Amino acid sequence: AKLTCSFPHKPHFLMHQLIHCACTFTVPNAAAPVAILRNWSFSAFYLFAELWGSVVLSVLFWGQANACMNIVEAKKYYPLFGIGANVALLFAGQFMKKASSLAKSLTATGGDAYALTLKMLMTGVLASGGVMVACHKFVQERVMTDPECVDASAARKSKTKTKMTIGESAKFLGSNRYIRNLATLVISYGMAINIVEVTWKGRLRQAFPGATEYSAFLGTFSSVTGACTIAMMLAGRTILNRLGWGFAALVTPTVLLATGVGFFSLILKPNWWAPVASKLGTTPLMLAVLVGALQNIMSKSSKYSLFDPCKEMAFIPLGPEEKTKGKAAIDVIGNPLGKSGGSMIQQILLIGLGSLAAATPYLAAILFGVILMW
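Per the working numbering, the very first residue in the sequence shown carries number 1; after that it's consecutive.
I should point out that these hints are in silico values taken from the structure, not numbers from a laboratory.
The structure displayed is predicted, hence computed values, not measured ones.
In this text, a Cβ means the ideal position worked out from N, Cα and C, and glycines have one as well.
It cannot be assumed that every hint is accurate.
Listed next, with one range per pair, are the computed distances between beta-carbon atoms [as the list claims (entries may be wrong)]:
| hint | residue 1 | residue 2 | range |
| --- | --- | --- | --- |
| 1 | 209 | 344 | 23 to 31 Å |
| 2 | 343 | 73 | 31 to 39 Å |
| 3 | 147 | 294 | 45 to 53 Å |
| 4 | 142 | 211 | 39 to 47 Å |
| 5 | 343 | 134 | 34 to 42 Å |
| 6 | 61 | 237 | 20 to 28 Å |
| 7 | 281 | 340 | 35 to 43 Å |
| 8 | 73 | 238 | 17 to 25 Å |
| 9 | 136 | 271 | 35 to 43 Å |
| 10 | 91 | 181 | 32 to 40 Å |
| 11 | 168 | 340 | 48 to 56 Å |
| 12 | 238 | 348 | 37 to 45 Å |
| 13 | 80 | 316 | 33 to 41 Å |
| 14 | 271 | 348 | 26 to 34 Å |
Model the full structure from these sequences, guided by the hints.
Laid out in structure tokens, this is it:
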């Protein structure tokens, strides 16, 4: 909502003149951090949008679900939540695509198509937020106060949680090999998917320089990701039952490794793929975009359907104390380090080398090292 209001007046909000003066005192390759400050309203919007998945979904939604459901109900309904989330992703992608095409047609004679697209998308976000607020109010007033739905003693116990500081979490990870290895899985996935996604979006921006076309492609990408994830979730139970935990746990890193070889070879050695791209009627750049999209779709669908269940199952053999402290340690250190570790590596390489293209060979080597460690 903040961005929607400030977007038409962005020249008055963005600190171009101040940053232009500050650029004389910065290192030559600090273009990325300078751009973040220059376009602070967009950066703030992206920051809060990224926090949605980790704060709203991981903490608030599952905390609410755990508070009003028992184990028997969880086994029945939790898988439906996962499928429902990806059905929503499928429809959200189509909404993005339709909004982009509609805005383009409405501004064919003049106007900012992306500004209109943004207003449509933010209207959808606000409408969805209103529905969620209404649902939350219903749960709090009708469900949480109903003795037939929520046991009062269980609700009191659920408020008592194990909280660990960063130092305590690091100490616990250092002393427990099993939890340390489990944290390595989480950190490795976060770093790998961050490296892959940023590199892919760099090539996607080259292939679709227009903001409207870029948004339309991402809409299609979201829909396909949702459909593939639903299919993988339906197949995940069979894979776990027939092939076992070890096979299921290896699917996600194997997918990232196999598709990563093809994706980075298209970027680093496009001449190798020129004959193939010519036969397919496309260019090596567009082929890299499509392979990168396939890599992201397959890795995310296998993560949601296999990696996450395998990670949660790995806690089952532990004792009550190890299980509680282990999850707390991974929440405090594992998840944030995985997400920010890949970004920090890329930022160091960008500042040191000056461009994403120059950093790509190093990112490829780091990616494969992380996957092998995983």
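Against the structure, the hints:
A hinted range of 23 to 31 Å for the beta carbons of residue 209 and residue 344 is consistent with their spacing of about 28 Å. Under the hint 31 to 39 Å, the C-beta atoms of residue 343 and residue 73, about 38 Å apart, fit the expected range. The hinted window of 45 to 53 Å between residue 147 and residue 294 holds, with their beta carbons roughly 51 Å apart. For residue 142 and residue 211, the Cβ-Cβ distance of about 43 Å falls inside the hinted range of 39 to 47 Å, so the restraint holds.
Our hint of 34 to 42 Å for residue 343 and residue 134 holds, since their Cβ atoms are close to 35 Å apart. With their beta carbons about 22 Å apart, residue 61 and residue 237 fall inside the hinted range of 20 to 28 Å. Under the hint 35 to 43 Å, the C-beta atoms of residue 281 and residue 340, about 40 Å apart, fit the expected range. The hint said 17 to 25 Å for the Cβ distance between residue 73 and residue 238, and at roughly 24 Å that hint holds.
Checked against the hint of 35 to 43 Å, the pair residue 136 and residue 271 fails, with Cβ atoms roughly 55 Å apart. A hinted range of 32 to 40 Å holds for the C-beta pair residue 91 and residue 181, which are about 38 Å apart. Separation of residue 168 from residue 340 is about 20 Å and departs from the stated range, judged on CB atoms against 48 to 56 Å. The hinted range of 37 to 45 Å is satisfied by residue 238 and residue 348, whose Cβ atoms lie roughly 42 Å apart.
Distance hint check for residue 80 and residue 316: the Cβ-Cβ separation is about 22 Å, which falls outside the suggested range of 33 to 41 Å. Range check, residue 271 to residue 348: about 29 Å between beta-carbon atoms, so the 26 to 34 Å window is met.
Checked against the numbered hints above, the structure violates hints 9, 11 and 13; every other hint is satisfied.
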